[in-house]
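Quick note, the sequences are listed as chains A and B, same order. Take 7 as the starting number for the first sequence in the working numbering and just add one per residue. Take 7 as the starting number for the second sequence in the working numbering and just add one per residue.
Everything labelled a hint here was simulated from the structure, so no lab data went into it. A couple of the hints might just be wrong.
[Said to hold, decoys possible] Covered stretches of chain A (in silico footprint by chain B; criterion: 3 or more residues with CB under 8 angstroms from a CB of chain B, positions within the stretch not fixed):
1. 62-70
2. 77-86
3. 171-179
[What the hints assert, rightly or not] Listed next, the stretches of chain B that the computed footprint assigns to chain A, with coverage defined by at least 3 CB atoms under 8 angstroms from CB atoms of chain A:
4. 64-75
5. 79-88
6. 165-176
From a predicted model like this one, the values you see are computed outputs, not experimental measurements. Ideal placement from N, C-alpha and C gives every residue a C-beta, glycine not left out.
Number of protein chains: 2
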Amino acid sequence: MAIAANVAPSERVTYEDLCTMTAAEARGHFRNGAYSGHTAGIAPGMLQGNVVILPADLALDFSRFCQRNPQPCPLIGVTDTGDPMMRTLGDDIDIRTDVPAYRIYEYGELKDEVTDISDLWQDDFVAFAIGCSFSFEDALIQDGIRLRHLEQNKTVSMFVTNLMTEPAGPFSGGTVVSMRPLPIQDAIRASAICARFPQAHGQPVHMGDPAEIGITDINAPDWGDPTEFRDGEIPVFWACGVTPQNIVRSAKPPFCITHAPGRMLVTDVPAWATDSKKLKS
Amino acid sequence: MAIAANVAPSERVTYEDLCTMTAAEARGHFRNGAYSGHTAGIAPGMLQGNVVILPADLALDFSRFCQRNPQPCPLIGVTDTGDPMMRTLGDDIDIRTDVPAYRIYEYGELKDEVTDISDLWQDDFVAFAIGCSFSFEDALIQDGIRLRHLEQNKTVSMFVTNLMTEPAGPFSGGTVVSMRPLPIQDAIRASAICARFPQAHGQPVHMGDPAEIGITDINAPDWGDPTEFRDGEIPVFWACGVTPQNIVRSAKPPFCITHAPGRMLVTDVPAWATDSKKLKS
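Sequences and hints are given; from them, build the entire structure.
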């Protein structure tokens, strides 16, 4: 699928430039269609979010699903029904244009990938923002913990597990986890650090034997790339924001829009905030 | 309003007896109508909750209100529409019978106080449980911080403030706070301790000058009793679970049921749990 084919080359901005901007400035370029790539490293220290957009008749069940499953689905923002502005996460976030790229699903099937959903927006849509791992990865790196998938420029390994979510309405299924290999001392420190970020999946859900959570081959992830292990490292597993996407897809709603993988909503809320209120401007 | 007039005296159980029981055992007595009093000190260490029951057509807005205001409204559980069982907070919690006493509101007006709402339950009802201060008060006392209102057997002082909540649909208004006088050193320690209990309102929202949050007379609370101050003490203010009740009342929904003040839902979830999942039995 072609991405951002409608964007004039002259409007384009480089990833390196974006990394020097505020969240609001970066979103301006996403809005203008000047960038449709991944958001890791953009507006460091600011909370980023997975996005799920559903019709209102599924929104209460999805709210309940998030409330019941705060590790995979830490709900950081919800729009009013039909209102495209994500008011609690920034002063001017238009969820129709301010995410670099979107995926369109019908009855659980991927139909399209686009950079703007203005023409698809409907009066009964509700947009949900769910915390993502970029926030805690920042914190780990700043504390000197090395993350191999980033150093090797790969996508983190992700797996469906047998850690069942608490269902709500049509939404149910196994928790999806992301996996990072760490020496045991780093695994302990990472657990303590991540516990301070409940809005970004919090502490790991498992470490050690992958079979205990239903993973049969650690080198064959369900999403992302395989990750190299070195001597003395154990796999550490975090609840992952792909969980809600996977579960929404399984529920096969007539229509659903999500962000495209890695292309997150970048908010004006600090990742360390104890609640999801935006900074007062 | 007569409370529990339908309970035979032989079935009654004393508060002192209840304090020696598990949460499930205590709820059994509430269910049987044997006790309709306050729940402070019952099942110590277990999360207790404020209760708000609304028709489904208001439930999405109320969910959003809680998500946007996590300090006054830390959402710890939501039932499925029409399902009276609060499945995520215990193995056998029937929200129609397991709270010691309920208040019935019509268009924001208090109509009745009852100990059982089985005959009022409807297929479109959704019950919300919201964390309460009993949990953090336990933690403060165990750390040696003295709470005067408890020592003097009074109800904590509560005030409406000018700290405006983030609105959602018909729900909006000022945050209600509870106030406890503390020496400054205890106020600092209390802040650190309470920050560990985001499900029980978290850290204080203010300390010091009451006027800064719109309180004109610290000796004239809007709810509860006035609290004695001693030399060197400052007022410390926490977001309070009366906020959602007050805001729901102002929204004047055709029908709403809440717990009666102080008569909370006692759950099977430890107060220190990092999410609101019940312990596996």
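Results for each hint:
| no. | hint | in the structure |
| --- | --- | --- |
| 1 | 62-70 | holds (count 5) |
| 2 | 77-86 | holds (count 5) |
| 3 | 171-179 | holds (count 3) |
| 4 | 64-75 | holds (count 6) |
| 5 | 79-88 | holds (count 5) |
| 6 | 165-176 | holds (count 3) |
This entry satisfies every hint, going by the numbered hints stated previously.
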